[in-house]
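Peer 1: Top line first, the protein sequences correspond to chains V and A. Under our numbering, the first residue of the first sequence carries the number 1, and numbering increases by one thereafter. Under our numbering, the first residue of the second sequence carries the number 1, and numbering increases by one thereafter.
One thing to keep in mind: the hints can contain errors.
To be verified - As a list, the in silico EDC-like pairs of lysine to aspartate or glutamate whose alpha-carbon atoms are at most 20 Å apart:
hint: 1; chain 1: A; residue 1: K285; chain 2: A; residue 2: D81
hint: 2; chain 1: A; residue 1: K255; chain 2: A; residue 2: D126
hint: 3; chain 1: V; residue 1: K3; chain 2: V; residue 2: D101
hint: 4; chain 1: A; residue 1: K88; chain 2: A; residue 2: E225
hint: 5; chain 1: A; residue 1: K88; chain 2: A; residue 2: D254
hint: 6; chain 1: A; residue 1: K52; chain 2: V; residue 2: E175
hint: 7; chain 1: V; residue 1: K47; chain 2: A; residue 2: D81
hint: 8; chain 1: V; residue 1: K88; chain 2: V; residue 2: E78
hint: 9; chain 1: V; residue 1: K47; chain 2: A; residue 2: E225
Claimed, not checked - Covered stretches of chain A, going by a simulated chain V footprint (3 or more residues, C-beta under 8 Å):
hint: 10; stretch: 68-77
hint: 11; stretch: 95-107
hint: 12; stretch: 219-226
No wet-lab data here; the hints were simulated from the structure. In this text, a Cβ means the ideal position worked out from N, Cα and C, and glycines have one as well.
Spelled out from the first residue to the last, the chains are:
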Amino acid sequence: MGKYWHVLNIGLQNTLVYRVNFLFRASFGLVPLMAVISVWRTIYLGKSGGQIANYELTQMVSYYLVITIVDALTAVTEDDWQIAADIKDGNISQFLLKPMDYLAYRFCLFGAGRLVYAAVALVPTVLFIWCLRDSFILPPDAATAAGFLVSVALTAVLQFLFSFTLALLAFWVLEVATFIFIAFAFEYIAGGHLFPLDLLPPAVAGVLDYTPFPYMLFFPVSVWLGRVTGEALWLGVLVQLLWIVAAYGLARCVWNRGIRKYSAVGG
Amino acid sequence: MMPMSRESKVEGREPDGVSRPALGPRPSTLGHYLSLYAALWRNSVIREMGFKTNFLLWIVVEALWFVLQLSFIGVLYLHTDHIGTWTKWQVIALVGTSHLIQQLFTALFLTNLTALSEHIRTGKLDFMLLLPVNTRFLISLRQVDLGGFVNAFSALGVVGYALHRLGHTPGFVQVIGYLMLVVVGITLHYSLMLMLTASSFWTVRAQGIVWGYYNLFNIARLPDEAFRGTFKVVFTFALPMLLVSNVPAKLLVDKLGSPFEILLLVTLAVLIFLASEILWRTALKRYTSASS
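Given these sequences and hints, build the entire structure.
Peer 2: Next comes the structure, spelled out in structure tokens:
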């Protein structure tokens, strides 16, 4: 176990190098966020009832703000490219010889990256939320906050396993970027990045609920906003766990097959 | 060491340049640049055709993200019938216009501009400075991304369909004006992006900034009436993202408040282009090459 602490430590030090880059990323990311909030404000202005699909304006604004928080904590940014590059350049050969599991190694690096990113993004994000504090909703009670933390942790694991498995495509194809972008596009819309999924026609939202995507973003955000409570919350967490088990199984299976195919180019 | 070695390289290369009469004695005419550009096009086509599957997959990726943006608008309009005074199909025409401008910009410039910081970091820029062509021409237009043109066509299709749904047939002048404003928009994006990437002369690694520009694109496709206050002022007058596709789209769907908006867009585009030229020259002057 100790060796993975070392990996985490090295990961922290390595990603700290990119802190300015992260700061830019986090700050620039606030611009489209501001834009989408403005669009919603304008829509609510023209709306007499003051509610859209059971969202008050403050809830809608908070939805996007919480997305930013969850994203900072769980989104995979560089890891998938690095994994694909490791495979393509033959760097994974060393992991086949060392008593170190590549998936666990990568998970530590992912964790380190998220810690650094979240720490750097904290300042601009908190400032931004402070400016919008009138429209920002906190979790209604401690139990909800706890539920949120649990679901965010599970979201991070799910996000990682999803990207890890996708990056393993590099065993079979030379250029994985397009596949990653295609998968990301699905995740972007079906995860609730663009808009809350309950804005969709119920039939579509119902179908999406059978995919892992809503559990990679929409679910924790809904928990924060107090829209999923009690039994539904724990049921959702259970579904997240099931998806994690499935994703882990798939990742292992793909890895084993990939290794058999692997020819250590340039290793 | 660095400036010295650059000069000596220039001298060392001179006989080589002379021995190639095909380039002519003082190649600075428009015709010469056009033939050069044609050669660059040929190169790009050959390169793209080397990776056909990848070429097609990238088109799929871009098309998918376009559909994503359109479905976002679709979902918004499930719950409202106007944003400001913008109706659904007007916004679709706007999103299409924004995509058209963005894709043409991608096709012509994007890969080249994002490569600049890498050229600076690796010192490759030295070689480009040595070639007997305008360096800005070369770093801006070296590669053509053909997929961008395919995607631009789908954007045109969406704009056309939106017009059909609006029941609006634009006049000849409107269409010509629209196309000209699209060109203005591309120039504007190009100048801003060049300025941003030129900052890598100072910071070396500019990926964060380039990535940031991608976020600015995202604003351009939203209707201007959704914004007010500081945000609107900044993104109208300083970084005219709220003009770049809004003005042509408004011209096309008969939504333009006054011709003043066109004037503003064109003026800002010219000013920003000039600013980019000044910054580019300043940056080149202080360039001292990497390592070597």
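Peer 1: Please go over all the hints and tell whether each is borne out by the structure.
Peer 2: Structure-based check of all given hints:
Proximity of A/K285 to A/D81 is assessed by CA-CA distance (about 54 Å); at most 20 Å being required, the pair is judged violated. For the proposed pair A/K255 and A/D126, the alpha carbon gap of about 49 Å is over 20 Å, so the pair is violated. With a C-alpha separation of about 11 Å, the suggested pairing of V/K3 with V/D101 holds against the 20 Å cut-off. This hinted pair checks out: A/K88 and A/E225 have alpha carbons roughly 14 Å apart, not beyond 20 Å.
With a C-alpha separation of about 15 Å, the suggested pair A/K88 and A/D254 falls inside the 20 Å cut-off, and the hint holds. The suggested pairing of A/K52 with V/E175 holds, with an alpha-carbon distance near 12 Å, which does not exceed 20 Å. For the suggested pair V/K47 and A/D81, the alpha carbons sit about 9 Å apart, so the restraint of at most 20 Å is met. Restraint check for V/K88 and V/E78: satisfied, since their Cα atoms lie roughly 15 Å apart, inside the 20 Å limit.
Of the supplied pair hints, the one linking V/K47 and A/E225 holds, its CA atoms being roughly 15 Å apart against a limit of 20 Å. Under the rule that three or more residues need a Cβ within less than 8 Å of chain V, the assignment of the stretch 68-77 of chain A holds, with 5 such residues. With a threshold of 8 Å between beta carbons, the proposed coverage of the stretch 95-107 of chain A by chain V is violated, since 0 of its residues qualify and at least three are required. Residues of the stretch 219-226 of chain A with a Cβ under 8 Å from some Cβ of chain V number 5, which satisfies the need for three, so the listed coverage holds.
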